Amino acid sequence: MKTGERFVGVFLKPGETFKALAEKPVWVDALIIILIALALYNYLIAPFAARDSYTLYQQSTRLKQQLGEEKFQTLLEETRKKAEDMSASARTTQALTGGLLGVVILIFQALLLFVLAKFFSAQGTYLQVMSAFLHANFINAILGNGLRFLLVSAKQSVFSISTGLAVFFPRLDPTSTGYIILTSIDFFQLWMFGVLAYGLSAIFKTEMKKALTISYLFWGLKTAINIILAIWGMSRI
11 MKTGERFVGV FLKPGETFKA LAEKPVWVDA LIIILIALAL YNYLIAPFAA
61 RDSYTLYQQS TRLKQQLGEE KFQTLLEETR KKAEDMSASA RTTQALTGGL
111 LGVVILIFQA LLLFVLAKFF SAQGTYLQVM SAFLHANFIN AILGNGLRFL
161 LVSAKQSVFS ISTGLAVFFP RLDPTSTGYI ILTSIDFFQL WMFGVLAYGL
211 SAIFKTEMKK ALTISYLFWG LKTAINIILA IWGMSRI
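Throughout the sequence shown, residue numbering follows my numbering, covering 11 to 247 in sequence.
In case anyone wonders, no lab produced these hints; they're calculated from the structure. Any given hint could turn out to be false.
Claimed, not checked - Distance windows between CB atoms, simulated:
| id | residue 1 | residue 2 | range |
| --- | --- | --- | --- |
| 1 | Val18 | Gln69 | 43 to 49 Å |
| 2 | Ile117 | Trp242 | 23 to 29 Å |
| 3 | Thr185 | Gly230 | 48 to 54 Å |
| 4 | Gln69 | Lys91 | 15 to 21 Å |
Unchecked claim - Simulated crosslink set (DSBU-like; lysine-lysine; CA at most 35 Å straight-line):
| id | residue 1 | residue 2 |
| --- | --- | --- |
| 5 | Lys215 | Lys34 |
| 6 | Lys74 | Lys232 |
| 7 | Lys23 | Lys91 |
| 8 | Lys232 | Lys220 |
| 9 | Lys91 | Lys165 |
| 10 | Lys23 | Lys232 |
| 11 | Lys34 | Lys232 |
| 12 | Lys219 | Lys34 |
No experiment lies behind these values; they were computed from the predicted model shown. Just so you know, even glycine gets a beta-carbon here, dropped at the ideal spot from N, CA and C.
Please take these sequences and the hints and turn them into a complete structure.
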C-alpha cells in the first residue's frame, strides 16, 4: 500500500490497512509524517505555551519560596520576555526539539508495547509493532493535534484546553489533580489504541478481544505514568 492509501486506511479501513502493515511493516514514511506533524504543532503553539508558562510562574507562591525573591524575579523576567517576543528561530528550535523528542518517545513506547504483548503471544516482531504504532498515531498526532490547535487559537492558551474528559468540567482548575486525571483520558488516544488493536491482532495472531486487552492495558499503564508525572511536576510549581 502507498503512503496515501495507508494514511486514509488508518481512518476508514483499519482492519485491511493494519493487516497489510503486519505483512509488510513499512515505517519510515510514517515516522517522517509524524515528525513533521509534531514539529508543526509545537511551532504553532509555542507563543501560547510561553504565555501560559509566564502566567503559571507569576501565580506560583511555592516557586517564589523555593527560589527566593531575586532568582524568582529573574526567572519571571526571562519568561516574560520570551512570552512577549518569541522569535522565529526560538519557535523553530522548540518545534524541532518537540518533534524529535516526540518521535523518540513513540519509538520507545512501541518497544514497551512489544514487550508487553510478548506476555500474550510468541508471534510478532518489534518492527511490526513499531510500524503499526506509528501509523495508529496519525489519529492523535495529526487529527488530534489539529483540533487542539484550533482550541488553543480560540482560547489563546495551551494549558486550559483539553480533548479528554476534562472538557465536560470547564470550571475545574487546570492545575488540580482532578483536571490532570480527566484530561489524560483523551478521546483521540482512546480512538488510537482502539484502532491499534487491529494491528496487534494481525501481528500477534490473536483474536480481536485479546488485542484490545493488550492495547488498552498499555494505554492504561502509559496514562497512569503520565498522570503521576504531571501531578508531580505541578506540585513543584
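Status of the hints after comparison with the structure:
no., hint, verdict
1, Val18 x Gln69: 43 to 49 Å, "holds, 45 Å"
2, Ile117 x Trp242: 23 to 29 Å, "holds, 24 Å"
3, Thr185 x Gly230: 48 to 54 Å, "violated, 24 Å"
4, Gln69 x Lys91: 15 to 21 Å, "holds, 18 Å"
5, Lys215 x Lys34, "holds, 15 Å"
6, Lys74 x Lys232, "holds, 32 Å"
7, Lys23 x Lys91, "violated, 48 Å"
8, Lys232 x Lys220, "holds, 18 Å"
9, Lys91 x Lys165, "holds, 21 Å"
10, Lys23 x Lys232, "holds, 26 Å"
11, Lys34 x Lys232, "holds, 27 Å"
12, Lys219 x Lys34, "holds, 23 Å"
In this structure, the hints that do not hold are numbers 3 and 7, in rising order.
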